[in-house]
Amino acid sequence: MSGKEEQSLKRIDIESKFPIGFHDLSKKEQKEIIKKLQDQDIEIRGEMKRKFLKSQMAEHDIAVGIDAVHRLGQEKKIYSKHLNGKTGSGNYDLQIKGGDTKFIIPILVVVGVIILGLILIVSV
Amino acid sequence: MSSYYDEYIKKYQTLSLREKYEILFPSEYSKSYSKSLKFVRNEFFNLDQLGFDRFLYLYERKYGPGPTQYVKKIYSSWRSGMTKMVRKTEERILICVPPVLNKEKQFKLLAIQIPEIIRQQKKGFKDLEMCTSNLVEVYNKAAQNVVKRQYNLDWFVSEVFPPEELEEFLNVIKYTMLDCLKQSYQSVCKDLNQLDNYIPKTSGAVQISYNISLFSRNLKFDVFPITNITDLKLPMVEPLFVTKFQDYYRKILLNHAINQYKEEAIGQVNSQISISDVNAITEQIERIGKDKEHDTNLLIRGFGGNIHLHIQKKNIGRLQFEITKEYFKLFLIICVAFVGIVLLLELEQNVLLFFGGIFLLSVIGSIWERISKLKTEVREYERKRRTKFEAD
Chain Z
0 MSGKEEQSLK
10 RIDIESKFPI
20 GFHDLSKKEQ
30 KEIIKKLQDQ
40 DIEIRGEMKR
50 KFLKSQMAEH
60 DIAVGIDAVH
70 RLGQEKKIYS
80 KHLNGKTGSG
90 NYDLQIKGGD
100 TKFIIPILVV
110 VGVIILGLIL
120 IVSV
Chain F
0 MSSYYDEYIK
10 KYQTLSLREK
20 YEILFPSEYS
30 KSYSKSLKFV
40 RNEFFNLDQL
50 GFDRFLYLYE
60 RKYGPGPTQY
70 VKKIYSSWRS
80 GMTKMVRKTE
90 ERILICVPPV
100 LNKEKQFKLL
110 AIQIPEIIRQ
120 QKKGFKDLEM
130 CTSNLVEVYN
140 KAAQNVVKRQ
150 YNLDWFVSEV
160 FPPEELEEFL
170 NVIKYTMLDC
180 LKQSYQSVCK
190 DLNQLDNYIP
200 KTSGAVQISY
210 NISLFSRNLK
220 FDVFPITNIT
230 DLKLPMVEPL
240 FVTKFQDYYR
250 KILLNHAINQ
260 YKEEAIGQVN
270 SQISISDVNA
280 ITEQIERIGK
290 DKEHDTNLLI
300 RGFGGNIHLH
310 IQKKNIGRLQ
320 FEITKEYFKL
330 FLIICVAFVG
340 IVLLLELEQN
350 VLLFFGGIFL
360 LSVIGSIWER
370 ISKLKTEVRE
380 YERKRRTKFE
390 AD
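These protein sequences, in sequence, are chains Z and F.
Numbering that gives the first Met the number 0 applies: residue 0 is where the first sequence begins, and numbers increase by one.
Numbering that gives the first Met the number 0 applies: residue 0 is where the second sequence begins, and numbers increase by one.
None of these hints come from the bench; they were simulated from the model.
Values in this document were obtained by computation on a predicted structure and should not be read as measured data.
Check before you lean on any hint, since a few could be wrong.
Stated by the list, open to error - Only pairs whose alpha carbons sit at most 25 Å apart, straight line, appear in this in silico SDA-like list of lysine to any residue:
1. Z:Lys76 to F:Leu373
2. F:Lys261 to Z:Ile43
3. Z:Lys80 to F:Gln206
4. Z:Lys53 to F:Asn278
5. F:Lys324 to Z:Ser79
6. F:Lys250 to Z:Glu28
7. Z:Lys85 to F:Thr201
8. Z:Lys80 to F:Glu285
9. Z:Lys30 to F:Gln245
10. Z:Lys34 to F:Asn258
11. Z:Lys26 to F:Tyr247
12. Z:Lys26 to F:Gln245
13. Z:Lys76 to F:Gln319
14. Z:Lys26 to F:Ala256
15. F:Lys104 to Z:Glu31
16. Z:Lys96 to F:Tyr326
17. F:Lys261 to Z:Arg44
18. F:Lys324 to F:Asp294
19. Z:Lys85 to F:Asn217
20. F:Lys200 to Z:Ala62
21. Z:Lys26 to F:Lys250
22. Z:Lys80 to F:Glu381
23. Z:Lys96 to F:Val377
24. F:Lys250 to Z:Gln39
25. F:Lys324 to Z:Ile120
26. Z:Lys96 to F:Asn314
27. F:Lys107 to Z:Glu31
28. Z:Lys96 to F:Arg317
29. Z:Lys80 to F:Asp294
30. Z:Lys85 to F:Glu262
31. Z:Lys96 to F:His309
32. Z:Lys80 to F:Ala279
33. Z:Lys27 to F:Glu103
34. Z:Lys76 to F:Gln311
35. Z:Lys76 to F:Glu325
What the hints assert, rightly or not - Simulated DEER-style distance windows between Cβ atoms:
36. F:Glu128 to Z:His69: 41 to 49 Å
37. F:Leu239 to Z:Ala62: 58 to 66 Å
38. F:Phe354 to Z:Val108: 28 to 36 Å
39. F:Glu381 to Z:Ile113: 28 to 36 Å
40. Z:Asn83 to F:Tyr380: 16 to 24 Å
From the three backbone atoms N, C-alpha and C, an ideal C-beta is built for every residue, glycine too.
Work out the full structure: start from the sequences and follow the hints.
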């Protein structure tokens, strides 16, 4: 999320955006329209800054959440973490799962039980 | 049955125009009609002496001196709320009050119909099949629908406003809708052209769906990348203004143009922020780690629609381990069951063998189901990694 977005609205050129029939209006009405367009432009710029800040906050929240996940991973716990929130452009919903993946222990248990079962069958 | 039908027809014929309208268009009745009625009643009770005299003159010409005398007599009771106006009188007032109102108020009354017309226009878009291969056709069909559609306005509108005023009114609304279609098409094309920028660069599975804002419908990606994006040529003819409302229409079109300009600017902002959001969130989820799983849903806004990104990362190793574990479990149960069956046969415990068999089959069935589910999960994940686009 760089500051490039802020520059983009500089492209807006009010004069080229005058609606059809603009020049048929009275001077007063033309002034009103120009004012409306300028107000709108300022409103959009403000909205853009708000959205940009919201995105930065969302990015920070996700980063904090993922750091917490890393800590849980170091404690070798099985966990599930749910993060959700709003960004400048919409919203996000993130579900992270992880934990101790020592597969060998349950495998050894299962194999042991099978061997015991087979011994039992043979002895019967 | 036939007697009921005859009775119904007889009853229907005696109904007033408004009651018939209520039966024919029940959903349309409650919204714009009740708003119009409220507006006209309010204006009726706030008429000045000159306006009230003009209203009485019109009322007498239309309904005769008897009902007019009644209106004169009871007007103050209606106004104070002591007497409730009957439906028939309400209808008459709805017809006779608007002509005595000034131009601005008459236009306000007509403008109450606008949301209903837009609703009817959008209703016409429901049957359109939205695919990337036929985007131009979809918009052309939508435009044809807007132009050729017969709009059901409230019953009193045609009684109050002459046909040329109604035609001009509908032409202005059609023109604005066609312009919205044109802008939506351009915006959707911009989004499709830069769809690659919205796709996160990740090793997991990414699924994308796109919802066109104007239609509130998902776009099916049957062709991608789209090579046949052509210019949309809509039958747009700027409406001619001839009636007394022409100043209002000019204002409507000016405001519409200003709003379109705003939408375009907002679309541009949305698109840029969306791309930077996708990049930032992808960067973060890449930090999660290879051994962990995540399921991320991102809803972002483009120029002309909403983009839903579903990013998934599964630990294939874990899934394969789960499958192996379930196979071991199944093998173990079969072994134990075999021993049990042999023992029960030797002891001739047939009843126990029967019920035990049923229980055993259900356990094996549930384990098998879990194995299939896990296998499907792996297959589905691999499929999602290969294909990105999701149909609606």
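Outcome of the hint check:
Between lysine 76 of chain Z and leucine 373 of chain F the CA atoms are separated by roughly 23 Å; this keeps the pair inside 25 Å, and the hint holds. With a CA separation close to 8 Å, the supplied pair lysine 261 of chain F and isoleucine 43 of chain Z stays within the 25 Å bound. For a cut-off of 25 Å, the pair hint linking lysine 80 of chain Z to glutamine 206 of chain F stands: about 22 Å separates their Cα positions. Proposed proximity of lysine 53 of chain Z and asparagine 278 of chain F is supported: the alpha carbons are some 15 Å apart, at most 25 Å.
Taken as a hint, the lysine 324 of chain F and serine 79 of chain Z pair is honoured in the structure, with Cα atoms around 21 Å apart against an allowance of 25 Å. About 10 Å separates the Cα atoms of lysine 250 of chain F and glutamate 28 of chain Z, which keeps this hinted pair within 25 Å; it holds. A C-alpha spacing of about 21 Å is found between lysine 85 of chain Z and threonine 201 of chain F, which places the hinted pair at or below 25 Å, so the restraint holds. Between the alpha carbons of lysine 80 of chain Z and glutamate 285 of chain F the distance comes to roughly 16 Å, so the proposed pair stays at or under 25 Å and holds.
Restraint check for lysine 30 of chain Z and glutamine 245 of chain F: satisfied, since their Cα atoms lie roughly 20 Å apart, inside the 25 Å limit. Between the alpha carbons of lysine 34 of chain Z and asparagine 258 of chain F the distance comes to roughly 14 Å, so the proposed pair stays at or under 25 Å and holds. A distance of roughly 17 Å separates the Cα atoms of lysine 26 of chain Z and tyrosine 247 of chain F; the hinted pair therefore holds under the 25 Å criterion. Simply put, lysine 26 of chain Z and glutamine 245 of chain F have alpha-carbon atoms about 19 Å apart, close enough for the 25 Å limit, and the pair holds.
For the given pair, lysine 76 of chain Z sits about 20 Å from glutamine 319 of chain F by alpha-carbon distance, which is consistent with the 25 Å threshold. Taken as a hint, the lysine 26 of chain Z and alanine 256 of chain F pair is honoured in the structure, with Cα atoms around 18 Å apart against an allowance of 25 Å. Of the pairs offered as hints, the one joining lysine 104 of chain F and glutamate 31 of chain Z holds, with about 23 Å between alpha carbons and a cut-off of 25 Å not exceeded. Under the criterion of a C-alpha separation no larger than 25 Å, the hint pairing lysine 96 of chain Z with tyrosine 326 of chain F is consistent with the structure, at around 24 Å.
For the suggested pair lysine 261 of chain F and arginine 44 of chain Z, the alpha carbons sit about 11 Å apart, so the restraint of at most 25 Å is met. With a C-alpha separation of about 24 Å, the suggested pair lysine 324 of chain F and aspartate 294 of chain F falls inside the 25 Å cut-off, and the hint holds. Distance check on the hinted pair: lysine 85 of chain Z and asparagine 217 of chain F sit about 22 Å apart at the alpha-carbon level, within 25 Å; holds. Between lysine 200 of chain F and alanine 62 of chain Z the CA atoms are separated by roughly 18 Å; this keeps the pair inside 25 Å, and the hint holds.
The hinted pair formed by lysine 26 of chain Z and lysine 250 of chain F meets the criterion: a straight-line CA distance of about 15 Å does not exceed 25 Å. For the given pair, lysine 80 of chain Z sits about 24 Å from glutamate 381 of chain F by alpha-carbon distance, which is consistent with the 25 Å threshold. Restraint check: the Cα-Cα separation between lysine 96 of chain Z and valine 377 of chain F comes to about 16 Å, which is no more than 25 Å; the hinted pair holds. Note on lysine 250 of chain F and glutamine 39 of chain Z: the hinted pairing holds, with a Cα-Cα distance of about 17 Å set against a maximum of 25 Å.
A C-alpha spacing of about 22 Å is found between lysine 324 of chain F and isoleucine 120 of chain Z, which places the hinted pair at or below 25 Å, so the restraint holds. In summary, the hint linking lysine 96 of chain Z to asparagine 314 of chain F is supported, as the alpha carbons are separated by about 10 Å, within the 25 Å threshold. As the CA atoms of lysine 107 of chain F and glutamate 31 of chain Z are separated by approximately 22 Å, the hinted pair is consistent with the 25 Å bound. For the proposed pair lysine 96 of chain Z and arginine 317 of chain F, the alpha carbon gap of about 11 Å is at most 25 Å, so the pair holds.
Our distance criterion of 25 Å between C-alpha atoms is met by lysine 80 of chain Z and aspartate 294 of chain F, whose separation comes to about 11 Å. With a CA separation close to 21 Å, the supplied pair lysine 85 of chain Z and glutamate 262 of chain F stays within the 25 Å bound. Distance check on the hinted pair: lysine 96 of chain Z and histidine 309 of chain F sit about 16 Å apart at the alpha-carbon level, within 25 Å; holds. In summary, the hint linking lysine 80 of chain Z to alanine 279 of chain F is supported, as the alpha carbons are separated by about 19 Å, within the 25 Å threshold.
For the hint linking lysine 27 of chain Z to glutamate 103 of chain F, the alpha-carbon distance of about 20 Å falls within 25 Å, and the restraint holds. Annotation: proposed proximity of lysine 76 of chain Z to glutamine 311 of chain F holds, straight-line Cα distance about 22 Å (limit 25 Å). Simply put, lysine 76 of chain Z and glutamate 325 of chain F have alpha-carbon atoms about 22 Å apart, close enough for the 25 Å limit, and the pair holds. One distance hint, 41 to 49 Å for the beta-carbon pair glutamate 128 of chain F and histidine 69 of chain Z, holds here, with the actual separation near 46 Å.
Checking the proposed 58 to 66 Å range against leucine 239 of chain F and alanine 62 of chain Z shows it holds: the Cβ atoms sit about 59 Å from each other. As the Cβ distance of phenylalanine 354 of chain F to valine 108 of chain Z is approximately 29 Å, the hint placing it in 28 to 36 Å holds. Look at glutamate 381 of chain F against isoleucine 113 of chain Z: about 30 Å separates their beta carbons, and that is inside 28 to 36 Å. Distance hint check: the CB atoms of asparagine 83 of chain Z and tyrosine 380 of chain F are about 22 Å apart, consistent with the given range 16 to 24 Å.
The structure agrees with every numbered hint stated previously.
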